[in-house]
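Chain S is fixed; fit chain U onto it per the hints.
Number of protein chains: 2
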Amino acid sequence: MRTSLIFSSIDKWLLQRVHDATGGAQIRLALNNGNGFSPPRAAPVASVLICDRRTLARLFFDPEVGFGDAYAEGHIQVEGNLVALLEAAHLSMSSAQASSWYSRLASHWLERAQANTLRGSRKNIHHHYDLTTDFYKLWLDPQLVYTCAYFPSPSVTLEEAQLAKLDHVCRKLQLQPGETVVEAGCGWGALGLYMAKHYGVSVKAFNISREQILFARQRAKEEGLSDRVEFIEDDYRNISGRFDVFVSVGMLEHVGADHYAELGSVIHRSLGKSGRGLLHFIGRNYQRSFSAWARKRIFPGSYLPALREVMRIFEPWDFSVLDVENLRLHYAKTLEHWLDRFERSACRVSEMFDSRFVRTWRLYLSGALAGFRVGTLQLFQIVFAGPDCQRIPWTRAHLYTDEQSAKQESQWIHATS
Amino acid sequence: MRTSLIFSSIDKWLLQRVHDATGGAQIRLALNNGNGFSPPRAAPVASVLICDRRTLARLFFDPEVGFGDAYAEGHIQVEGNLVALLEAAHLSMSSAQASSWYSRLASHWLERAQANTLRGSRKNIHHHYDLTTDFYKLWLDPQLVYTCAYFPSPSVTLEEAQLAKLDHVCRKLQLQPGETVVEAGCGWGALGLYMAKHYGVSVKAFNISREQILFARQRAKEEGLSDRVEFIEDDYRNISGRFDVFVSVGMLEHVGADHYAELGSVIHRSLGKSGRGLLHFIGRNYQRSFSAWARKRIFPGSYLPALREVMRIFEPWDFSVLDVENLRLHYAKTLEHWLDRFERSACRVSEMFDSRFVRTWRLYLSGALAGFRVGTLQLFQIVFAGPDCQRIPWTRAHLYTDEQSAKQESQWIHATS
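Keeping their order, the protein sequence lines are chains S and U.
In terms of our numbering, the first sequence has 163 at position 163, counting the first letter as 1, and numbering is strictly consecutive.
In terms of our numbering, the second sequence has 273 at position 273, counting the first letter as 1, and numbering is strictly consecutive.
Hint data in this document are derived by calculation from the structure and do not stem from the laboratory.
Check each hint, because a few of them may be wrong.
Same chains, same label: a pair holds when it works inside one copy or across any pair of copies.
Claimed, not checked - With a cut-off of at most 25 Å between alpha-carbon atoms, the simulated SDA-like pairs for lysine to any residue come out as follows:
| no. | residue 1 | residue 2 |
| --- | --- | --- |
| 1 | K273 | S289 |
| 2 | K273 | E309 |
| 3 | K273 | G24 |
| 4 | K123 | V78 |
| 5 | K12 | P387 |
| 6 | K123 | F353 |
| 7 | K273 | G23 |
Here chain S stands alone, though its shape is the one from the complex (with noise of 0.2 Å):
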């Protein structure tokens, strides 16, 4: 009886300080035994559900780590709707103390174990982005554009959005027939095909996932483009040769904030004074670490940089800063369309791994969700130009005429029939 007083209170002290690390946030804690701990001031918007002492102890030591982990192995349940746990997570855990002792090291040790050298990022990148190609075409649209998509109102499909976001950052950068293209992380080679058969460009596409590279390869022979998207299976530091435009849509969160000077180097060797470009990327409000657990297990040696981080890749070329877009809002909308799609497909990724896989993932896509929802995520796509561009648009009208949205549409129908 004794016992059971003694770690019964021990459970509580234990939720409590779970609770705290939280930043205090709207939701309930209770263990297996009965123990809970609920938000002192309104009703939590859902529960976890703790199985056993040893997950509450992980929880304790590195609530991050150890909740991820604790979630993929179905030793933690969530009662109620997970996406709005995450968005009350978030939103609390930005004004939360420092995170512990042990937390911070792990986080470093692992942000040293997965730099981003030559030979590490083609392990990063292999981790997340070689899974088979099969996994993505279940929940990705049918041109595998795993980024954000534009939507151009919420209502269109995630198709139409892609195609759309293709199209947006085509018209950002004023492509021009005969032009030449770099592309620093291409994906399954969407936009690259894109460029070269809707505005005539020649590209030089550079990837160092082998399977995405590959499947990239085989497009663009079915579609007669091999001739004019060149599709290279190595990393952006080994960039060569000189291009009008460059053009990056989600890699800066894998280049790590140790080498935007280093990239900064890259764009200029790759335009000299006189090109144009555009990034894309995943980023903050300001500076901060990226989830450890998403490091750990989602997307190994990322990063997502405040755009003052960022301003280290233009401002030793004079580069100047035409145009920042903030997408955050459309981020969340194709995370629920890809939610969506995953869970409509959760049985078949189960088949092909496993159901801890299906709980890894849907804790990653439903973070992101909430991230974006809440806004400690945000996407900016930032138009840059060198101090000798003469091909500075006069202002922005260009990307939202009707003529090119007419344009646009019969692109549409080419594209998808």
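Frame of chain S; chain U shown alone:
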């Protein structure tokens, strides 16, 4: 004979040093006694005629301030196009060696003497903006908008472009009838009055230029807007109260980099977490000091920041940057209009002040035009929002729709009739 040879050698040596200080600009330097220095590789775009050795010595010790003052006094004449000369100097000076110890010391002393304390700012602003309004009426548009205009197309008039700018700002802020706006640095009141008249908001507008505030109040009275636009003669640091929107067009240049964190606090105090705002300012591609001559003679206490520096305003409060637009080319166009009108009024200006004033202002307007043309100056409009802001536009299409344009045109007719 011997003495004259020695002097001639000294002249040539000094001319060469002064030319070096320009970073090897494509300009010819000539002394009144016939000694001269021409750029080695290509024909000069213009020539600088230096009237005496004393002026040459001033140029040697402090090329920038020396040039500006000697030009104003008529001890330097420019043969050829002044703007072209300044463009060449802007371009080459970006890559020039570090300035002399004398220039650096003088620049540092100036910075301290013109510090933007509450009292210092009042003095700094008084120097420029309290010149009689009649002077500005000679060469600004009828609304007296003394910031970069927005030209929907390069051929619209300055009057139309300034109205288009006011509307562009209002659209970016998505103003709704009944909302409250605080404006920091309101000039002669054009934006505040426009917002109240065309968007139905109520405005508190701050400015420490007495001349401008008195003029703005009078205009509000004449237009029957005194109940909706309050013009307050006070520093932005003394803004109090809560507002839906914060806007500042052309004030950040006078704030000084040391005060960005303070400005951020003022904005946060005014908006809380749910407001939104816009900053419009002249900036740079990277951090660099602002012309000592311009600070001495034109804009005491001014500083033009790189985007990186401006992030200090937003980051501490979790403000999201939603949109950055670079309107550099529009400022070049604006300055073409201003310079043209100024030259046509030069005789009147000379009567109002004196010929030194005319030459000083000619140099300032020409230098700014050159800077925006070659890109040593940039113009940024930043839209931002607090973490709980509910009025984030889905896309930026509303800035460019025809319906809005039609509305805008009728507004122009209304405003100018």
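Results for each hint:
no., hint, in the structure
1, K273 x S289, "between (33 Å within a copy, 23 Å between copies)"
2, K273 x E309, "both (22 Å within a copy, 24 Å between copies)"
3, K273 x G24, "between (51 Å within a copy, 19 Å between copies)"
4, K123 x V78, "neither (32 Å within a copy, 62 Å between copies)"
5, K12 x P387, "neither (62 Å within a copy, 33 Å between copies)"
6, K123 x F353, "within (20 Å within a copy, 71 Å between copies)"
7, K273 x G23, "between (47 Å within a copy, 18 Å between copies)"
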